[in-house]
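Enquirer: Read off the chains here:
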Amino acid sequence: MELSELTASQIIDRIKTRAMSAVEAARASLDRIESLNGSIGAFLRTYPDYALARARQIDEQVASGVDPGPLAGLPIGIKDNICESIGKTTCASKILENYSPPYDAHVVEKLVRAGAVIVGKTNLDEFAMGSSTENSGLQRTYNPWDLERVPGGSSGGSASAVAARMVPVALGSDTGGSIRQPASLCGVFGLKPTYGRISRYGLVAYGSSLDQIGPFANDINDIALLMNVLSGQDPKDSTSVPADYAPVPNFVEQLHGGVAGLKIGLPKEYYAQGGLDPEVRKATNQAIQILKDLGAELVEISLPHTDYALACYYLIATAEASSNLARYDGIHYGYRTANPTDILDVYFRSRAEGFGEEVKRRIMLGTYALSAGYYDAYYLKALKVRTLIKRDFENAFKRVDVICCPVSPTAAFKIGEKIQDPLTMYLSDIFTLSANLAGIPGLSVPCGFTNDGLPIGLQMLGKHFDEATMLRAAWAYQQATDWHRRQPKIARS
Amino acid sequence: MIHEVTDLQYTALIGLEIHVQLATRSKMFCGCPNRFGDEPNSNVCPICMGSPGVLPVMNRQAYQYAVRTALALQCEIAPFTKWDRKSYYYPDLPKNYQISQYDLPLSRNGQMEISLPDGSTKKVRIRRAHLEEDAGKNIHDNPTHTGVDLNRAGVPLLEIVSEPDMNSVEEVMAYCRSMQRLVRWLGVSEADMQKGHIRFEPNINLHIVRDGKTCKTPIVEVKNLNSFRSLERTVIYEIKRQLTEWQADPETCSLEKLGKQNRGYDDARGQTIFQREKEEAHDYRYFPDPDLVPVTPEPEWITRMREELPELPRARQKRFAQQYDLSPSETATILEDRATADLFEQAAEAGVPPKVLCNQFISFWAMHANQRNCTIAELGLTSAQLATLATMVSTGVVNATVAATLAERILATGDDPRTIAERENLLQVSDSSALEALVEEVIRENPGALDDASKPGKKQKKAFGFLLGQVMQKSRGQANPKVVNELLLKRISSP
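These protein sequence lines map, in sequence, to chains U and A. Each residue of the first sequence is one higher than the one before, counting from 1 in the working numbering. Each residue of the second sequence is one higher than the one before, counting from 1001 in the working numbering.
Source of the hints: derived by calculation from the structure; they are not laboratory data. Be careful, since some hints might not be right.
Stated by the list, open to error - Calculated pairs, DSS-like style, for lysine-lysine (alpha carbon to alpha carbon, straight line, at most 25 Å): (1) A:K1086 <-> U:K384; (2) U:K381 <-> A:K1318; (3) U:K360 <-> A:K1086.
The shape of chain A in the complex, shown without the other chains (with noise of 0.2 Å):
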């Protein structure tokens, strides 16, 4: 049983290794499709199958990719690196060893911003990134054997490794969804959780202060993460076990006596359950593979791909802050994907206040594009669109409700928001004259409301609000806040 530990004094150091899966169209040293949810066994060759005598060839846009990503991530590029075998067993690993890289990766030392719910920055170092391909998948759905799918054994991988710079589960958190924000900005990973394009493996530990003195709890390694639900639960569940067992039991549970221990994440008990410790683990008997030629980039060709990035996440935010005067946590819904940051800022080129249109991305586009399971960019909006529909809150021309209401027309029908709104007579009526009748007329159906606005007391403010509401209703949204307000502030003043 778990309990709140409150009184104790301690940091949890928390570092994660990512594995992404990158979008090439083909897998990582063979030609096969890299294609999620085929037919089992349908994207192989004998290359990704192991088969004798083949040999693998390096997928050069993966290699890319990866270097995309670690500059992304202000990490050094080696100018040598090379491919490594480590082996195991197992029945989805066709060769018996993983294509990795052991001691000289692609990349190291980078680090990203991260900012978290508070509003404060942090940076979180990354000790390095580097290539490996994926294995294919065993599938238990028969009591007598296990069918082995290898469409997944081949599939470029990117693991990217931190440092244990994390301190709580919202840091975990917020640097886990920066990382799925950035691969897909780059262009590098659909990043999408559902096919397993990313999975997590949070290293966990507790620096508790007792007496002056810093007790280091064992580091417990979480394998394979594939939700943030997951990984958010079994950063919470660890942090408070490790609290518990060493409360009970400071002595035993120690990094020193214990060292390193895995961990497997039991997502119907909402527990990680102990697998290893460390010490018994594998030895993977890495050495470099034979088959690959090191990779020996040319500086130029760096600098070249440096060049090339993408105006990054963070840096968007910083101009948008700058440029449109829009805070981080208004620019978050905007900057989820690159695509609709630039179809914010072609709809901003237009003249639009930013901060109109910035709201209507917050407000319904982002709750479209959420109902579609896209992004706000994926609804197929142009920019013209949305840029009139934010002018004509923007001048007065229609106001926020009739603007929800012309977004869902414009997503059924594609049509220019002026034309929908002049077509369903949907305009906004700022003419008091036009006006004044329906207040006239809201305040005959109601004289008791009209008796209450009229007096200070306790009722005035409500009554009022009833009234303004009533006007707004009988002209279908469609009238001018500011107007009525004020001709129902005329009419309560002069009776």
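Only chain U is shown next, with the shape it has when bound in the complex (with noise of 0.2 Å):
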């Protein structure tokens, strides 16, 4: 059977009793991503030597009855904002396009630890800003289901492997959305963890109190797998929370349970919204609707700060990338601008020519709203704004288990088409941004398509630390459904 065809789970089984070996299953990916790259742009980089070295020894593991992990031989892409020591790590920015982080992120070695075999690096934003991966600074993605369209953004080159399968899983992060969205622009699995739920040390900061990494998949069960490998404390990470706090459930086994009795809200504030498409309603209503057959009872509830959330999200996610990009100065590492003339020489050039237009923009924002004398109104005022959004959803969870709401207004957009106005672009995560504001988890479930052939995206938010009831309903959709098994025509050829 074609790796294409085959879940993660499937894949690892299939290594373990040696019906597969790794060195196959990382080839097959490679050669996969060889031949598809060219035109979805997915990847920026791919480690052929390091995976096939690293699949061997997974392989000679398996031969001399070692166990090599949960994860034995699974082909994974990277987030090119995740470090690790195997090559460059470059946010997809001019600034670090040479860079090679001197260790590893802690997903990264939990990866590796649980027999992952790393085949590269996916493409994104810059600095993960933006919901299109149009402002990669080192190359275009294109969404496999339409060439013409985005992939979503910003894990827009995860999102694309996994659905071009090149590569059954890949880790994103989210801010505001930047798993979900493209998930959902997609047709695949992406699923935004509670903030603190997994290690942020080695993920390249861009909005520090709202960024969370997350698996990609095409099956939830391979979500739940992977879940169950990252999640847990780190004591590198003081904001990832500790055990006794937050129990790290067995995922996996946790996802059958079906939907009987469970509680799903439905923001009525979300679905008043205006730039709501009417197909991505219609499916997101459906799905909605198999999930009640299925015996799930629905509640309208209320988010009544939910207008000003995205004011909300661009104040303090701007405001603490400007702080944590200020270290790209062409002092220490990264780009440093040709023949400076003295010290603010080198910051000024170096930071003007390395950054791009909507990192610029974003860290002016941020530097504006924590400046003296606005920093009240502005920084002060959204973390306020904040603690509502937060009180919003702990409000709603009292009366529901899971908050079922589109992910995206619109499916995948056209390429150039909200570039050049990005308030518009920042409307694409009008429905998601909210999660990271609060820090619980988001889904994004694979619901359907529009009349183009575009896929659409439901999303399930869940209470603090409770992934698995989300996972749960998740699970019982997919299996009420197929959505999940269509691959774009570019993957089948």
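Bring the two chains, given one by one in their own frames, into a single complex with the hints.
Expert: In structure tokens, the structure reads:
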């Protein structure tokens, strides 16, 4: 059977039972990237030598009866803002184009220890700032369902790689929707876990209080499998949460409980959004109807501060970004301007030449929000609004177990369609960024297609550290539908 | 040119920011060694180098040291304290922000009592003490480029901010020396000036009374003074400079007009140099560091930390005055550091007269410690050696001169002083028959002096002293001066 037809857990089973070798899996993945990446542009870099050597080790372990771990031989793609010491980590920015991290991110250590095989790094909007991957300073990425359209962003490389079955799974990061929105636009599963569930150590920071690493897959079981490996406290990340506060369940074992009696909240403010595309609305409603048919109970809820989420997000995320990106100054590493006249010239020109437009826009916005005289009106006010948004969700989750809503107001849009209008682009994340502000988990589930054959995602939002309930609902839905099995034509050719 | 100005009625108001490097094993937010003097960039890791993707983790020992110091300064410990980022661009600051504490420092509202040279005491209020990370160092040893050494980047610093409660250079020096002693006493810092463990930033202005009105000069902050000498010179210079400038142009030289200013100290010229108006100061864009979690110490833990504080120098000074009848000026040397004070007490407990013991600390033990650039406790002496030597003096077995000699021998050999004295035949001679012969010998050799000493007059006292000295010399210092004195008096009055 072709690698592209297999889920991650099927591949792992085959490798563990020697029905397939890890080398075969790695080679198949690398071959698919080789043949498809030219049209899709999902990967910035592959590591064939590393991947095949690592796969050989896995095969040797299996052959000698040693358990290589729960992800034995699983090929995986990693968003290029997650550090590893195999090659470079560029954040798709000219300023880090030749940067090789001296260390591995915590999630990379965990993946490698679990037996996964990193095959390469995927494209993103520069420093994860964007909703279409068009802000990549290095490469364009195309939606596998329609090569004239964007894959979403910022984790557009990981989403399109999984959609095109170049890899069965990939990692992304989500600050305001950067996993869920591209997952939706590419028709795959994408999970943003609860803030603090997975260590951020080694994830190049954009908005530190919002960033969270999460998995992409074509099967909800694979999402659960990766969550089992990635979750848990890391002493190197003070914001990762200890097990006595939030125990890590076995997500795979908890998938199969069904949705009978599950209370699903439908936020009325989300459905009242003017920009919601009718086809997306229809698909979302149908998906919710299926969940109801499976035994879930639908409850209308209110998230009264929804209207303020976008402004709140763009103040907090950019304020943090302006500080997080201060270190890219041409002094210690990364791009340095040629022939500077003095130290200030090094700073000014290295940053002016190294950063792209959107990154500069957000740095300036964030710097402004934190400046003396503006701090109270912008940053501090945004923090207060954030508390209100959190409270909205706390109140809602007193009545319901999971919230269902669209991921993105539209399906994949055309390349170039929104790039000249940042504010319209920002609206792509209108349904996703509240989860980051509140710190709650969010999941994108394939739930249908537009008439033009573009995928649509259903968003599930869960309580803090209750990814399990969301995953259970998604598993039930996956059992009842086959959206997740559909592959773009380019993947089948 | 600065002139002495004495005919004005003014008060200097001086506050201090003191940065103390804490002697933790590792840095403030990573596991790198906190160590001075290693090869540049050898104590670094991705975290303190500010590599993309790294995260800080608070060093609990640093927080504990900071709380210990704050408690010793009688500060309130905040039940909730957080970390903030202070943004500015400088090559020695790899993240281009410093992790510090802005509006919710770990402690506030303390005080420190200081002793002044005239014997009086004063309380200096502490506004706040907070933790932050140190920056690295730019190294300008090359004409074409500047080097950056990040060994110091991320080393924990405790910033202690006083109210402007000091009014003279003497008070400033007393405060800063007390602070140095305190942090050493608490074991939280080596406080070695040579290694930059303490840096001072005084802020100074004058309140000058003219026609019944108080005129305030601009508040001047002088950055980064790393020796007591430069601190002292800066404060003296600034007071004079502000007076002179105010006299030349009282309208312009005012706080209302100029506000706050930063000046730098130029060691070569012994002057402060204008840097910038505070209004032009950086906007540091402080905001809470999202990578760190707030610290919320349990009240029980704070209580325990308070209980575990050692007896502090001031308290010990008061107890020594009561228990041993020693004045603050006498105990200053003993109370330089905790181990020396402990050593003194252990020796005193053997029943030695404290005054004698104390005198030996002040006279020769302090001298030897000074020569070796260490504390008295670090000389390697046992309390038994100290007690024995003091007892030998108090019981008249040796005199002060021989005691000083014995002190050198003890340091050289590590032996018991009594053993050394017996071995080297240094015990004091109080036996009058043995000394009488020496007295006779001296009188025989100096008939003129005997003559002068016998007759009342100008020369009598001097001649007597001469004869006494001669006898002491002949005895190689071992003669009991009291006995010799008596013998000489007897001999003079009955020729």
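Enquirer: All the hints need checking, so say for each whether the structure fits it.
Expert: A quick look at each hint next to the structure:
no., hint, verdict
1, A:K1086 <-> U:K384, "holds (21 Å)"
2, U:K381 <-> A:K1318, "violated (53 Å)"
3, U:K360 <-> A:K1086, "holds (20 Å)"
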